[in-house]
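Enquirer: Spelled out from the first residue to the last, the chains are:
Number of protein chains: 4
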Amino acid sequence: SQYDYVKSFEIPDPCLPNCWPVVRIDGKNFHKFSTTHNFEKPNDDRALKLMTAAATSVMDLLNDIVLAYGQSDEYSFVFKKKTKAYNRRSSKLSSVVVSQFSTSYVYHWKKYFPDLELQYPPAFDSRLVLYPSDKNLRDYLSWRQVDCHINNMYNYCFWKLVQSGLTHVESQERLKGTLSGDKNELLFSQFGINYNNLPQLHRKGTVIIRDKERSTNHLAKIAR
Amino acid sequence: SQYDYVKSFEIPDPCLPNCWPVVRIDGKNFHKFSTTHNFEKPNDDRALKLMTAAATSVMDLLNDIVLAYGQSDEYSFVFKKKTKAYNRRSSKLSSVVVSQFSTSYVYHWKKYFPDLELQYPPAFDSRLVLYPSDKNLRDYLSWRQVDCHINNMYNYCFWKLVQSGLTHVESQERLKGTLSGDKNELLFSQFGINYNNLPQLHRKGTVIIRDKERSTNHLAKIAR
Amino acid sequence: SQYDYVKSFEIPDPCLPNCWPVVRIDGKNFHKFSTTHNFEKPNDDRALKLMTAAATSVMDLLNDIVLAYGQSDEYSFVFKKKTKAYNRRSSKLSSVVVSQFSTSYVYHWKKYFPDLELQYPPAFDSRLVLYPSDKNLRDYLSWRQVDCHINNMYNYCFWKLVQSGLTHVESQERLKGTLSGDKNELLFSQFGINYNNLPQLHRKGTVIIRDKERSTNHLAKIAR
Amino acid sequence: SQYDYVKSFEIPDPCLPNCWPVVRIDGKNFHKFSTTHNFEKPNDDRALKLMTAAATSVMDLLNDIVLAYGQSDEYSFVFKKKTKAYNRRSSKLSSVVVSQFSTSYVYHWKKYFPDLELQYPPAFDSRLVLYPSDKNLRDYLSWRQVDCHINNMYNYCFWKLVQSGLTHVESQERLKGTLSGDKNELLFSQFGINYNNLPQLHRKGTVIIRDKERSTNHLAKIAR
Ligand SMILES: Nc1nc2c(ncn2[C@H]2C[C@H](O)[C@@H](COP(=O)(O)OP(=O)(O)OP(=O)(O)O)O2)c(=O)[nH]1
Ligand SMILES: Nc1nc2c(ncn2[C@H]2C[C@H](O)[C@@H](COP(=O)(O)OP(=O)(O)OP(=O)(O)O)O2)c(=O)[nH]1
Ligand SMILES: Nc1nc2c(ncn2[C@H]2C[C@H](O)[C@@H](COP(=O)(O)OP(=O)(O)OP(=O)(O)O)O2)c(=O)[nH]1
Ligand SMILES: Nc1nc2c(ncn2[C@H]2C[C@H](O)[C@@H](COP(=O)(O)OP(=O)(O)OP(=O)(O)O)O2)c(=O)[nH]1
Ligand SMILES: O=P(O)(O)OP(=O)(O)OP(=O)(O)O
Ligand SMILES: O=P(O)(O)OP(=O)(O)OP(=O)(O)O
Ligand SMILES: O=P(O)(O)OP(=O)(O)OP(=O)(O)O
Ligand SMILES: O=P(O)(O)OP(=O)(O)OP(=O)(O)O
Ligand SMILES: [Mg+2]
Ligand SMILES: [Mg+2]
Ligand SMILES: [Mg+2]
Ligand SMILES: [Mg+2]
Ligand SMILES: [Mg+2]
Ligand SMILES: [Mg+2]
Ligand SMILES: [Mg+2]
Ligand SMILES: [Mg+2]
Ligand SMILES: [Mg+2]
Ligand SMILES: [Mg+2]
Ligand SMILES: [Mg+2]
Ligand SMILES: [Mg+2]
Chain A
18 SQYDYVKSFE
28 IPDPCLPNCW
38 PVVRIDGKNF
48 HKFSTTHNFE
58 KPNDDRALKL
68 MTAAATSVMD
78 LLNDIVLAYG
88 QSDEYSFVFK
98 KKTKAYNRRS
108 SKLSSVVVSQ
118 FSTSYVYHWK
128 KYFPDLELQY
138 PPAFDSRLVL
148 YPSDKNLRDY
158 LSWRQVDCHI
168 NNMYNYCFWK
178 LVQSGLTHVE
188 SQERLKGTLS
198 GDKNELLFSQ
208 FGINYNNLPQ
218 LHRKGTVIIR
228 DKERSTNHLA
238 KIAR
Chain B
18 SQYDYVKSFE
28 IPDPCLPNCW
38 PVVRIDGKNF
48 HKFSTTHNFE
58 KPNDDRALKL
68 MTAAATSVMD
78 LLNDIVLAYG
88 QSDEYSFVFK
98 KKTKAYNRRS
108 SKLSSVVVSQ
118 FSTSYVYHWK
128 KYFPDLELQY
138 PPAFDSRLVL
148 YPSDKNLRDY
158 LSWRQVDCHI
168 NNMYNYCFWK
178 LVQSGLTHVE
188 SQERLKGTLS
198 GDKNELLFSQ
208 FGINYNNLPQ
218 LHRKGTVIIR
228 DKERSTNHLA
238 KIAR
Chain C
18 SQYDYVKSFE
28 IPDPCLPNCW
38 PVVRIDGKNF
48 HKFSTTHNFE
58 KPNDDRALKL
68 MTAAATSVMD
78 LLNDIVLAYG
88 QSDEYSFVFK
98 KKTKAYNRRS
108 SKLSSVVVSQ
118 FSTSYVYHWK
128 KYFPDLELQY
138 PPAFDSRLVL
148 YPSDKNLRDY
158 LSWRQVDCHI
168 NNMYNYCFWK
178 LVQSGLTHVE
188 SQERLKGTLS
198 GDKNELLFSQ
208 FGINYNNLPQ
218 LHRKGTVIIR
228 DKERSTNHLA
238 KIAR
Chain D
18 SQYDYVKSFE
28 IPDPCLPNCW
38 PVVRIDGKNF
48 HKFSTTHNFE
58 KPNDDRALKL
68 MTAAATSVMD
78 LLNDIVLAYG
88 QSDEYSFVFK
98 KKTKAYNRRS
108 SKLSSVVVSQ
118 FSTSYVYHWK
128 KYFPDLELQY
138 PPAFDSRLVL
148 YPSDKNLRDY
158 LSWRQVDCHI
168 NNMYNYCFWK
178 LVQSGLTHVE
188 SQERLKGTLS
198 GDKNELLFSQ
208 FGINYNNLPQ
218 LHRKGTVIIR
228 DKERSTNHLA
238 KIAR
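Line order of the protein sequences matches chains A, B, C and D. Here the first sequence is numbered in the working numbering, starting from 18 and rising by one per residue. Here the second sequence is numbered in the working numbering, starting from 18 and rising by one per residue. Here the third sequence is numbered in the working numbering, starting from 18 and rising by one per residue. Here the fourth sequence is numbered in the working numbering, starting from 18 and rising by one per residue.
In case anyone wonders, no lab produced these hints; they're calculated from the structure. Incorrect hints may have been included.
[As the list claims (entries may be wrong)] Straight-line distance between alpha carbons at most 16 angstroms, and here's what the computed EDC-like set of lysine to aspartate or glutamate pairs gives:
| # | chain 1 | residue 1 | chain 2 | residue 2 |
| --- | --- | --- | --- | --- |
| 1 | B | LYS127 | A | GLU134 |
| 2 | B | LYS101 | B | ASP81 |
| 3 | D | LYS152 | A | ASP151 |
Make a model of the complete structure from these sequences and hints.
Expert: Now the structure itself:
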């Protein structure tokens, strides 16, 4: 019809070939969402497992995702370099990932929070980033995992201090300027906690790998 | 850390100023989804109203959306031209819209389908398109509405023919090459249906407008 | 051949429809170039006319350029909104403009500087910017013209002060913080110059308009 | 001023990190340009050397170009992967390369064509393409060199046939469907020419490498 011309305003957005397309989603204002739903602090295993259930649903939908990494309110999905999914259109890859993740999060909620009604539907943002080399991809995953580690250590200390009777502000003050070693020491000397004995799920986050046969080559390449 | 550099691979994607950003979401493989859930043919009012509930949730989240238009398994969201939401970053606007829509769709499912369990979490794709002029935006909305009209008329005829005993293939054959007038005629003469008396919801789709006070100026401009 | 695949790494870059594509070129390091070639200060009419000769050559090459505006070491070229030149590919429009400008600049040099050998081949950068509305385009041209005006007024004052015996640093100091009115006053009271009587070429820059018949509609639209 | 806002319509266009930025320029309508200037057929050494002089001038300007490859009316410039030139802005890299090439081409014309006046200033287009891996870059260069080889072999045969008395159409017919081996055979049996003894400049094109010390690492990497 006379209106069809508006379709031509859609600008093509193919991913550059021979790069790893990575889609990262992150919960919008999960500070509030976690408070509203009384997530355990600093880590709520139900919440983390629900995130992983949603991520698994994304991997079931999109066969070209070779691995996913999640922590806190975020998940990263790595497509294989040569993926032809959706003709490598960025907006398609990015939107279908975040949408499938989002519907699955709500769909599976009651399995992980059987006693707690979902108060409102949350949202996640999504972005697609391209990584040219395997080293870049490895460093990307390390970047997210270091973020997990740093935040987790801080949060463990913070909530332990709060539980021990300090106010939020006092706990913050106590931790200001401390290095990783200081926090390890604090946990150990003050609370008898050996950080390295804390659950891997909390310290390292979660990796989902597609079935060995199919992805060994890919992962071998990445891990090298 | 030594890994932070990977953040620099995120390429900025601001919307061109002084354009209407429009985000359109569309159900992924809703042919199957509607079949699995026995959607009424050609229009299932519960499904259409659920779409509108999800769209309303998106408008509640993002104040800069001035109107939304929906039909079938799709919804378009029009941001105001001057929106500063997320610094006009395309991927943020596009992803938050589709994610909020997606979680709300599942969240509100049982309200619109009280007797029917959701079988699996669906996905929606999303894209952001920029329209420079008010006329372009009007034509965009007309484009989607003409699409609604054309498909709806076809589907009404098709399913009436099927109900009257024809096979799918025979119905398709019967409609091949028919113009709009022919279909009107067919509905009237063969089934006694006056197309113009069919529900507006089916013929025209749904428009959601933000409260009058705030958006009058915008809409006056668009409609002119 | 086995190497043809590398062509697919070229990413499409079409201009958004219904926007004015504007290509602006600017001399690279013309501070040095103007010094090396002893350009008259603050304006060298030969240099300005050579710029306009080069711009005219660009307009001869590309029929869809409706007007050009130049000042100092820069020129802007406005394509008509509906141009189909090079399928609206940004890199093509931008590169062909700057290349034709560049070769013409050298080619016509001796006509405008008959007594002065070109010491080295200069370079120009180029960018393409899209303007959605006629007002945006008008404001763009005003922006460049205000830039011309401001710089020109400053430079006139600066070089008059230098000619009157002040050092560069002293002249700069004298002008620090002065407003437009102050500079007008300074030129008049100290040097007996009425700024408004200075050549339009220097105060306003140069506009090149394609032959009236063809472009009246366009320009009428822009100027409205 | 009130017009400064138009600057914000310039959209950032950084190159993805860790990719080889390659700028390729190509003569616009050099079919006509070579005819007008009676270029020798199929290869005019003066024209090829002028191209290389212009390319050298580009390399002198931009230190981060590690190598250039040229043939026919085109030249490709390879920036080092980590270049920070112009903050990796695509339009800057692409435009400055083509502009410097263009002015140099005209500037050096009389050195290579002392007896022939330049009839009009030609133009070159320019594009920037990103290659993620060293293999991609190598394949890119191979792609351009195979293009050189294929065209050159065809053109040698074509013009030999024409010189031997055939019309253009007859020569074209004679070559239709011939493979590389057939053309080798034709040159040898009919004209006593051993293709492999023809000048390397014609068969292979020209590579310009920045001084060994600086670029050995880069080139070693590429060539591996
Ligand atoms: N208590 C608790 N909070 C969590 C858990 N996982 C995530 N959160 C909270 C802690 C942070 O406030 C928030 C994640 O940080 P973000 O940087 O993503 O901030 P937020 O989502 O609030 O804002 P954003 O919209 O992403 O900019 O989610 C958990 O397992 N337990
Ligand atoms: N029975 C029924 N079907 C509907 C209704 N609304 C949408 N559908 C179905 C009809 C179409 O098969 C489909 C929408 O068409 P699309 O062009 O979006 O195709 P589909 O979603 O299957 O594929 P896609 O992933 O979007 O390319 O959804 C409804 O109210 N009732
Ligand atoms: N004496 C003289 N100088 C001129 C004339 N036209 C332009 N110029 C000089 C004055 C400025 O130093 C320079 C233009 O300013 P720009 O901001 O473009 O700086 P420039 O080209 O040096 O650096 P760029 O590479 O553009 O960042 O050219 C002229 O007619 N006479
Ligand atoms: N006789 C002669 N012609 C040459 C020589 N080098 C290039 N040419 C001509 C042959 C081709 O017609 C033309 C290069 O082919 P292109 O595919 O670049 O086509 P052209 O520049 O005509 O069109 P374009 O604007 O690039 O699409 O230049 C030469 O050394 N001698
Ligand atoms: O999905 P279609 O077939 O209605 O048409 P489209 O949405 O324009 O196509 P795509 O989803 O591939 O952009
Ligand atoms: O959201 P943050 O603060 O963790 O950091 P980011 O995700 O890189 O920032 P943004 O969401 O604004 O891109
Ligand atoms: O110009 P051609 O035909 O050699 O091929 P191309 O350069 O890839 O085509 P275009 O200049 O249109 O990008
Ligand atoms: O070059 P300037 O300083 O006049 O300003 P600009 O052209 O907007 O800056 P850039 O050339 O870096 O885009
Ligand atoms: Mg964020
Ligand atoms: Mg978050
Ligand atoms: Mg987060
Ligand atoms: Mg679609
Ligand atoms: Mg659909
Ligand atoms: Mg649809
Ligand atoms: Mg500049
Ligand atoms: Mg300059
Ligand atoms: Mg300038
Ligand atoms: Mg070409
Ligand atoms: Mg050419
Ligand atoms: Mg060529």
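Enquirer: With a cut-off of 16 angstroms on the C-alpha distance, tell me whether LYS101 of chain B and ASP81 of chain B pass.
Expert: holds (8 angstroms)
Enquirer: Under the criterion that the straight-line Cα-Cα distance not exceed 16 angstroms, is the pair LYS127 of chain B, GLU134 of chain A satisfied?
Expert: holds (14 angstroms)
Enquirer: Is LYS152 of chain D within 16 angstroms of ASP151 of chain A, Cα to Cα?
Expert: holds (14 angstroms)
Hint check: no violations occur; every hint is consistent with the structure.
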